[in-house]
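Position chains R, H, P, W, U and F relative to chain Y; hints supplied.
First to last, the protein sequences are chains Y, R, H, P, W, U and F.
Counting in our numbering, the first sequence runs from -11 upward without gaps.
Counting in our numbering, the second sequence runs from -11 upward without gaps.
Counting in our numbering, the third sequence runs from -11 upward without gaps.
Counting in our numbering, the fourth sequence runs from -11 upward without gaps.
Counting in our numbering, the fifth sequence runs from -11 upward without gaps.
Counting in our numbering, the sixth sequence runs from -11 upward without gaps.
Counting in our numbering, the seventh sequence runs from -11 upward without gaps.
Calculated from the structure, these hints are not laboratory results.
Do not take every clue at face value.
To be verified - Okay, derived cross-link-like pairs now, SDA-like style, lysine to any residue, Cα gap no bigger than 25 Å in a straight line: (1) Y:Lys40 - R:Gly41; (2) H:Lys65 - R:Glu26; (3) P:Lys(-7) - H:Arg3; (4) R:Lys(-7) - Y:Pro50; (5) Y:Lys49 - R:Thr34; (6) R:Lys58 - H:Lys58; (7) W:Lys(-7) - P:Val48; (8) W:Lys(-7) - W:Asp78; (9) U:Lys(-7) - F:Asp38; (10) P:Lys2 - P:Lys40; (11) H:Lys65 - R:Lys40; (12) W:Lys49 - F:Asn(-9); (13) R:Lys40 - H:Lys49; (14) Y:Lys58 - R:Asn77; (15) Y:Lys49 - Y:Gly36; (16) P:Lys40 - F:Leu43; (17) P:Lys40 - H:Val48; (18) R:Lys49 - R:Ile82; (19) R:Lys65 - R:Gln25; (20) P:Lys58 - W:Asn(-9); (21) P:Lys49 - H:Arg53; (22) Y:Lys58 - R:Asn(-9); (23) R:Lys65 - Y:Lys65; (24) U:Lys40 - W:Asn77; (25) P:Lys58 - W:Ser31; (26) P:Lys40 - W:Ala42; (27) H:Lys49 - P:Ser31; (28) U:Lys49 - U:Ser31; (29) Y:Lys2 - R:Lys40; (30) Y:Lys65 - U:Gln25.
Unchecked claim - Covered stretches of chain W (in silico footprint by chain P; criterion: 3 or more residues with CB under 8 Å from a CB of chain P, positions within the stretch not fixed): (31) -7 to 2; (32) 44 to 58.
To be verified - Derived CB-CB ranges, DEER-like: (33) R:Gly41 - U:Glu5: 41 to 49 Å; (34) P:Glu45 - R:Arg37: 50 to 58 Å; (35) P:Ile4 - F:Ala42: 23 to 31 Å; (36) F:Gly35 - H:Lys2: 47 to 55 Å.
All C-beta atoms, glycine included, are put in the ideal place defined by N, C-alpha and C.
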Amino acid sequence: MANIKPLGQRVLVKRIEAETKTAGGLFLPDTAKEKPQEAEVISVGTGGRDDKGALIEFTVKPGDRVLISKYGGTEIKLDGEDYLILSENDILAIIG
Amino acid sequence: MANIKPLGQRVLVKRIEAETKTAGGLFLPDTAKEKPQEAEVISVGTGGRDDKGALIEFTVKPGDRVLISKYGGTEIKLDGEDYLILSENDILAIIG
Amino acid sequence: MANIKPLGQRVLVKRIEAETKTAGGLFLPDTAKEKPQEAEVISVGTGGRDDKGALIEFTVKPGDRVLISKYGGTEIKLDGEDYLILSENDILAIIG
Amino acid sequence: MANIKPLGQRVLVKRIEAETKTAGGLFLPDTAKEKPQEAEVISVGTGGRDDKGALIEFTVKPGDRVLISKYGGTEIKLDGEDYLILSENDILAIIG
Amino acid sequence: MANIKPLGQRVLVKRIEAETKTAGGLFLPDTAKEKPQEAEVISVGTGGRDDKGALIEFTVKPGDRVLISKYGGTEIKLDGEDYLILSENDILAIIG
Amino acid sequence: MANIKPLGQRVLVKRIEAETKTAGGLFLPDTAKEKPQEAEVISVGTGGRDDKGALIEFTVKPGDRVLISKYGGTEIKLDGEDYLILSENDILAIIG
Amino acid sequence: MANIKPLGQRVLVKRIEAETKTAGGLFLPDTAKEKPQEAEVISVGTGGRDDKGALIEFTVKPGDRVLISKYGGTEIKLDGEDYLILSENDILAIIG
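Isolated chain Y (complex conformation) (with noise of 0.2 Å):
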């Protein structure tokens, strides 16, 4: 697979398919106003820094699964499959 390195505090993630029930049994209806969805991460960016210059670190990381909003992002296609790039401010929250 291709490396794509995030820039900033940006991050590589994986949707998982909405039908895909885990094992808590966290479901995601199709009638929610505004859905998220379900996504892994794959990758965290170069990193960001705050007004003092210090690095920004990331509270998500590789493997960690997450619910996305769904219309936050960036869509790229690498090898055949669907990612997203997007803001790590843009994830609501890690599904543990």
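Positioned in the frame of chain Y, the structure of chains R, H, P, W, U and F alone reads:
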């Protein structure tokens, strides 16, 4: 239940049905222009950091009954029940 | 009465009927473009923090009579009476 | 007169009729695109604080004649006369 | 002339008629999309303060000929002549 | 080739044709809602400064293959080929 | 020529006709969506100050050939030639 850890200053809440009248007599009218809703805090997020890099503590904690704006947050369904992920800033008040 | 603790820099106020003329002769005309309303402060919030992390003190206190903008805040009903939760910044003045 | 203490950096002013020509010959034309109005400062607010927590002093004081933008502020009526509550930032100039 | 002291970082200027060609040959065409205008600085304001509370000094001074944007500021009439109160930031250049 | 030095945090990039499949198999679908595009970094800018006046270093360097948003930047033509000047913040990822 | 000193971080530039091909072969196509234009820096402004009050130095200097966005700045005519006053931030690149 799946473990959902909200990212940053977000919290996970579970709505309490509107017809539920609280012990203290709180009643949320159907006719209010922007009707708030009662909810219970399920979990708080990974936390944010202020401009000086200090961790921002949450004011609410799991188990708190809160008033939330009707239109904020993102809905998710978990084990057949509706939950919301929303920013702590969108919580109007704690019902004590 | 249910104990409602507003979050952050919000305050809970109770509107005072517009026909109530204050001792000092304050009268709020129906024709004013953006008509303010009199209200009584019931409780102040959990407080906010400034950029340096210091707690921001409230200028109003419970019992203060205040002028609020007609359109701000979120309405709630409690024991049959209307209340408003609004930011302290949306309070125009204290009526002394 | 009811004691009205504006909150934060707001001031209470009383409009001076437009036909009143000042001693210095100031005249406010009806045809000006954004017509400023003369007003007298009645009282200043409780004050704001800057980013470092220091109290911001008011530049105007009660009794100052000022020019205000026609469209700013909120109208209130007090003892039969019109007053305005507006931010000090919306005062254009002091008429000396 | 009435003494007009602009508030904050505002300045009071007097327009110079567009047909007045400056000594250096500056000419302001009627066809320019956003036509600047020549003006003379009459007085500077009470001054603003930066984020650290230090007084911000004015770059222009009374008597300076300046170029201002056609659409900025608020018009006032004083002793039969047009003046403008505008922010120093809306002054494009000093004509030396 | 003319020497083009972008100002501030801008970079100069040259688009890589969309049909070019990278060694790693990156493929950019025509149907993606906001289609990113591959580009090569030609030169980086004169640099920006953060709030404390420290120079902000570029994360990308000349020769890097990057993904850019389809709609960002300003097109220029140089020796018959298309280039883009865009902010480094509009580069989504580095293709390694 | 009249001496025009731009205020703050503005610069005064003189457009170079689009048909002028630079030595390095830079050519600006008519069909580009947002067509940049070549210009020569005539003078730089009085300078701005950053958040800490330090003077911000200009990156461009008089005599530099620059690329500017087609839509930025304010046109003035001086001794029969067109000039532009624009913010240094609206200069895309220096042509070396």
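Margin query: Output the indices of the hints that this structure fails to meet, ascending.
Written below: 10, 11, 13, 23, 29, 32, 34, 35
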